[in-house]
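Asker: Chain by chain, the residues:
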Amino acid sequence: MSGKTVHVEFEGVNKSYDGRKLVVRDLNLRVEEGEFLTLLGPSGSGKTTCLMMLAGFEDPTGGVIRIFGDSVGKVPPRRRNIGMVFQNYALFPHLSVGENLAYPLEVRRIERAGVVERVRRALRLVRLEGFEGRRPGELSGGQQQRVAIARALVFEPRLVLMDEPLGALDRRLREEMQYEIRRIQRTLGVTVVYVTHDQQEAMAMSDRVAVFNRGRIEQVAPPEVLYEEPERGFVATFIGDNNLLFGRVLGVERDICEADTGTDVVKAFLVAPRGVGDRVTLAIRPERVALDPEPGRYSNEFEAQVDDIAFLGDHLRVRLTVCGSTDFVIKIANTVGHGAVLEDDRVRIGFTPLDCRALVPDEEREEG
Amino acid sequence: MPGVIAEAGRSRLSSSFLRSLKAWLLVLPLLAFIGVTFIVPLGSMLTRSVHAPVVADALPETLALLRSWDAAGLPGEAVYAAAAREIRTARETRTLGQVATRINRLKSGLRGVLSRTARQLRSIGPRPGDHEPERAGQPPDDATPWRDTLLGIDDAWGEADTWLAIRRAGERFTARHYLNALDLTQSVDGGVVAQPPELRIYLPLLGRTLLVSLAITVLCLVLGYPVAYLIAQAPPKRANLLLLLVLVPFWTSLLVRTTSWIVLLQSQGVVNDLLVAAGLLGDEDRLAMIYNMTGTMVAMTHVLLPFMVLPLYSVMRTIPPHYMRAATSLGGTFFQAFRRVYWPQTLPGVGAGSLLVFILAIGYYITPALVGGRTGQLISNMIAYHMQQSLNWGLAAALGGLLLVCVVALYLVFDRLVGVDRMRLG
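So the protein lines, in turn, are chains D and A. Taking the working numbering, the leading residue of the first sequence gets 18, the next gets one more, and so forth. Taking the working numbering, the leading residue of the second sequence gets 970, the next gets one more, and so forth.
In case anyone wonders, no lab produced these hints; they're calculated from the structure. Fair warning: there could be bad hints in the mix.
Under the rule of at most 25 Å between Cα atoms (straight-line distance), these lysine to aspartate or glutamate pairs were calculated in the DMTMM-like manner [said to hold, decoys possible]:
#1 A/K1206 <-> D/E75
#2 A/K1206 <-> D/D35
#3 D/K284 <-> D/E311
#4 D/K38 <-> D/D379
#5 D/K38 <-> D/E49
#6 D/K21 <-> D/D224
#7 A/K1206 <-> D/D76
#8 D/K348 <-> D/E248
#9 D/K284 <-> D/E241
The model shown is predicted, which means the values in this text are computed figures rather than measured ones.
Chain A on its own, in the form it takes in the complex (with noise of 0.2 Å):
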């Protein structure tokens, strides 16, 4: 008997693990999909952020022997020498280039320091000894040292700073995008500080882009629930109508309908025409509504509507008629009955709408970057400009992930206000 006990439970056991793994292998594509398309390269840009290898990979003897110096005084003449060679390789290789530039950011003038050192190292010529690095920490006794060499073409080379700038940036892992991204900068001794007020970019940014997007927010908002509640009350067929007229927007084209915005708004566009027409505007003050943080403002809150009403509706259509008929019996006012029993019920749809508009808005690109103008952009506009045109991917990255950051925060904020278990979104 206790055999044919075990052997029921082994039996049940393996078909609960036959389950568990058929259930694995339907979301096995799914899992690969994602791993591939998202997971990787969100990873790979993330890491992007924090790792630098370039100078690292340029001048590793330099570096190596750096570690050991005191920063006291200037380094050792086997440094000169690893320097020289790994300088002259690193141009031979056409690195030398990415190396100067990472290398600038820290003690700006050097990259004209290396590419001077480089040229006339190249006129200079191999010495022997050069590739054979166990004699390199000697001074070869025949010629002059590197020290001098190097002197010779620059005075920065007798510079503490300059050697010091060079171990810095050949740190692998740096957070200096996100220092950079922060509006901070690192001296080169290492210490942290702000950027003077008129190099603050990216902080006043970050600002701006959650200030338009809690405006956009609540415009939406505003906007959305009394649709939201119309819809909730309409009869089905109605509602269905309604519904629709909601969701067409939705289905358009996201470029059609920023497109038709300039033609609404631009400056010889439909409502300035109309308002001129009226006589409430004359023809040389036409309003600028385009181009500028109204066009992203009143574009976006377009866009971004239908993200709030379904939320709202799918909760509103939860919520039975008999609740308002019952605060009004019981003596409340509209306003009352609204306020006390209509408005608290809907609260997980007002949060679902409000995280979702909020977070699509700040991370919102196109309709900024057609409408927005000169004042009108957001940080994901400036995340484009360094992926795209300064090719500057580490701040990119570093600025993406401060978005990323922000993002969680908000949905774990939302979690301790609202729940998120609470809310629907459709």
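Chain D on its own, in the form it takes in the complex (with noise of 0.2 Å):
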């Protein structure tokens, strides 16, 4: 991550393909030179059109998308210079790998000592030197992989874009992967914008991430800030586990507010101003959530109902009915002397004001 150069740039961008509905709406980004930077969101939320838009395959209806300041509009695919890996690879199958590394250099009319150099080196870099004489037909999964992104780098872009690139492999390799794709990212510097709908994949590999919902970014920011301070509804859902909680404000003293959920009354951190007669959406995590708590630790305690216990090795998933809610969660770890719970026992529960974010319900902006 060097300086602070621009070297994507988004700005008011919309992209529709019938002429009414947008699948990408308003769209303002900004990418670093050197970010690692990833996209993520649900399937239909716009991040692969926002990729294609990049790489030049697409049009934005509105709005302009600039490389380094300039704009790119006008610019076709092969001359913006952004290596891509596709979701499937793409890679040529009547080609060998060598040949298949060689043809971004062939196209680019390099000499040819130059080619079989610089292939050499693009291998080396994801640990496949030698490989040059096999089909892509005759490589496993992860092997393919990495010939992609040898493919994508050998012509040393200063960008790379990656479409849901560890897709279609077992998850293993899909984490063995991502080591190695932000290891090379490092290594050579590059910019990456990286597309995914995997939140723990995204939270591994990425300088920050964009969260995608419905052709908008909800959230730009650090993966580590995303699960601490969501910002929206859909944010703190999608990231991670959230139990929601839905309330009005009775009350607001500085950042905290106190919320009527029907049956409780929760004190919650206000994350953004609201007035008192707002509706407001509480997230606590799973995790954050003590059982059993001495009297008076926490300013918010509840009496709840045990409905089912799920043992996962490392931590127990209590589902309880509490504050209005009939899918509470509640993470315990697994240690040394954690409490003993029963189905259909009482139990109190407690948490701190700031590990419950009052946000700002999700269908309010949608109206907005």
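Dock chain one against chain two, each of which comes alone in its own frame, and use the hints as you go.
Answerer: Right under this line is the structure:
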């Protein structure tokens, strides 16, 4: 992450395929040089469309996309000098690995000896030395993935786009490749714009994550900020697990409010200014809820009914009825002396107001 | 226990036997149908190209005796006697015409000699001992020897060449149809020589057929490839419509389509009228576009185009669009991406389409027959001519066999170059 040069900039970008429905709405986003930025969102949220517009395969319906400050509206894909890794690799099946990697160099009219040397260097980078003669069909999924990355890097682009590159791999290979991609990106210092729907992948790899929902960016932030300080209910539930309670503001004192959930009054941290009577969405992480705390330790303490207990190895997942919610989940670490709970027990839970974030309900912004 | 295992093995064996029996029974009707309607006629036709029993059947004894003749000087009296008797019999059973035609091919003039001989032998009438073959070896002492009788009828009976021709014509199996088909000829003494250039018909015709088929294949590829590409790139709804446009002519009767080309291309036809009306042509120099090779090529290209488009389309449909996207995003122009990435992947379709069109074209008959006129005829029209008009079935069969060899050779070459298992026919 060098300096503060803006590498890629979306400004007021809209995209519609049919002229009526906008799949990307008023998108504003800056990617710094050398940054690893992930576009995260469920399918159909517009993240891949953004990537395709950046690569030049789709034209924005409105707005401007800039690379190093220059608008790329009229620049065809082949002149953008962007390395791209496709979802299903798109390795040319009739060419060998070496020929696949040589292709972007040949079309740039680089002389033969240089091609051979660069191909060898790119393969060394992805740890596939000596694979020049193989056909893509003879490689495993992970190896094909590495070749695709090498091909996207071999002509030394400064910007690399990756469209769900690990989607086809199994979990262990995926984790290994996440690490590999991160290592390569750090080694070369290239800017990466990465698309995925897997929030764990986004968290593990990115400098910053842009969370997409229905064509908009909900929040752009480093992973830990997204987790700890989600600004929208969608982000709160999409990144990690979260319990949502719905209520109305009874009173406000500085940035702490009291909200009525219908059955209880909960003290919560106000993320955005709200007035008395406004509706709020309360988000509490399952692991931030204490079971059977010392009385008086937390300003939020409630009686709850245990509906279900699931043993998940390193933790227990307990499902409760509390504060007007029937699927309030808490996690209890499987450590020495964790409290014994039984189904149908009545228990007490507690959490601090700072762990309970009062958000503006998502539907309110949709209306606005 | 071993008994149980053996039992199980037997039942597994019998069940696999039953399965294969069932499979055979299922395809049996088709096998029988193909056998009766395809393999048997094909076999009999190919046999006809090498099998020539007419002379052998008509003159069995003469030929048997000729076999021991050393071809120096004239054959013995026994041969003359047998020949005289069998020529008379052949005339009575009305096979002499065929026999004479056959022998005449090897030495012209012998047809006349044979029929004259038969006529005169009839007027002489049979002699005693004629029907007693065991005595035929000895010259009858009470009459003129047969040699003198025959020599009296025609001097040709005194030439060794005549007997050599009969001996050659009497061979049951012959390569002469194939030699004919290859514009070669066999002299009486058995040597194979090329026909003089002005008599060569079939090799130039075969060459022309191959050349025209190649031209039609290239035309189909040039015209069909962009169409197939367009259909493969179009969204499904439009692709179906476009495919329909390709298929409608395919489903239309061949005769209707061929006749339409006559309407379009004839000298008073639509195309010429338009060219004259546009002032591009004078009324007196209208183009001859039909009843010649141009007509054959235009109409055949049209007829065979779907056979190119369909395999191409079926291959192109399986090439995901992200290959071209990748190729352009990696810095290639459309042309570079097409040449390096798209075109090689369509080669199985190009191969299949070209093979299909080429093989159909070299055997095509109806279209050249209707619009080919005098100069636009192909080898299959010559086969039809020998089947229906000259009635030289042996030659027709040999030409057919030659065509079959060409097709098989082509298939093998294709298999070597592209690999048949890689091609898709749709």
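Asker: None of the hints should be skipped; say for each whether it holds.
Answerer: Hints versus structure:
1. A/K1206 <-> D/E75: 22 Å, holds
2. A/K1206 <-> D/D35: Distance of about 16 Å is within 25 Å: holds.
3. D/K284 <-> D/E311: 18 Å, holds
4. D/K38 <-> D/D379: 20 Å, holds
5. D/K38 <-> D/E49: 30 Å, violated
6. D/K21 <-> D/D224: Status holds; Cα separation ~14 Å.
7. A/K1206 <-> D/D76: Between A/K1206 and D/D76 the Cα gap is close to 24 Å, so the pair holds against 25 Å.
8. D/K348 <-> D/E248: 23 Å, holds
9. D/K284 <-> D/E241: Between D/K284 and D/E241 the Cα gap is close to 23 Å, so the pair holds against 25 Å.
Hint compliance for this structure: hint 5 alone is broken.
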